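Trainee: Sequence:
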Amino acid sequence: SLFTAETQRRAQERHARRAAEAGLNAALVFDAWDRTAKVSYDVAMLEELRTLRFVERHQHVLILGPVVVGKTMLTHALGHLAIARDFSVHCEPAAKMLQRLRASRMDGTHAIELRRLCTVDLLLLDHLALQTMTNEEAADLFDIVSGRHQTASMVVSSNRDPSEWLALLPEPIQAQALVDRFANNAYDLVIEGESYRVRQKPR
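Residue numbers (our numbering): 237 to 439.
Keep in mind that a hint or two might mislead.
To be verified - Now the in silico label distances, taken between C-beta atoms and shown as ranges:
1) 266 / 424: 15 to 25 Å
2) 302 / 266: 33 to 43 Å
3) 402 / 267: 36 to 46 Å
4) 240 / 341: 41 to 51 Å
5) 355 / 303: 30 to 40 Å
The set of hints was computed from the structure by calculation and includes no laboratory data.
Since this is a predicted model, take the numbers as computed values, not measurements.
Each residue gets a CB set at the ideal place from its N, CA and C atoms; glycine is no exception.
With these hints in hand, go ahead and build the complete structure from the sequences.
Mentor: Below you can see the structure in the form of structure tokens.
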């Protein structure tokens with residue numbers, strides 16, 4: 237009916253608006269996941285994650301694997317599911333978030349930005365731990381992980397296991413505390429296989 241069509245249109249527009257505000261890529265949804273890709277992962281675990289029970293329980297997800305195997309796709313796709321369930325969501329590359337927090341120290345908005353990152357229902361950080369962090373960056377990440385511990389959920393994608401994060405953080409005790417709080421409350425979804433870019437290469 238016209239009423240049903242109009243209701244669906246408004247719902248789609250609302251989802252698109254909220255997803256854009258959250259920083260989600262509109263194209264990275266589960267319907268677009270290439271099931272013929274030569275990658276392997278725990279299918280049952282992914283189905284469990286799609287229920288979003290981990291968000292309700294304030295647990296985390298680590299999506300781990302080499303470059304371009306679909307980590308970003310799954311991160312954003314989980315974000316879209318959370319938007320559809322009316323959770324508040326923020327998605328951002330980890331390096332960009334840390335850079336933005338560094339700039340916020342200069343204009344006096346650091347506390348506000350940090351509070352927002354600590355209180356959103358689901359925080360999605362893509363490409364965490366690509367390089368060594370400064371003292372300020374490590375402190376900000378520690379504050380976020382600590383502030384969300386057992387109160388809100390995170391999905392983090394990385395090509396490094398949390399044990400490897402320790403070497404990238406300058407303060408060993410702080411680094412150990414950060415890794416313990418995140419890793420011991422997180423599902424580990426490991427993706428292995430060939431790069432998507434190999435499949436996209438012109439022939």
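Trainee: For every hint, state whether the structure bears it out.
Mentor: Hints, one by one, checked against the model:
{"no.": "1", "hint": "266 / 424: 15 to 25 Å", "result": "20 Å, holds"}
{"no.": "2", "hint": "302 / 266: 33 to 43 Å", "result": "21 Å, violated"}
{"no.": "3", "hint": "402 / 267: 36 to 46 Å", "result": "38 Å, holds"}
{"no.": "4", "hint": "240 / 341: 41 to 51 Å", "result": "50 Å, holds"}
{"no.": "5", "hint": "355 / 303: 30 to 40 Å", "result": "31 Å, holds"}
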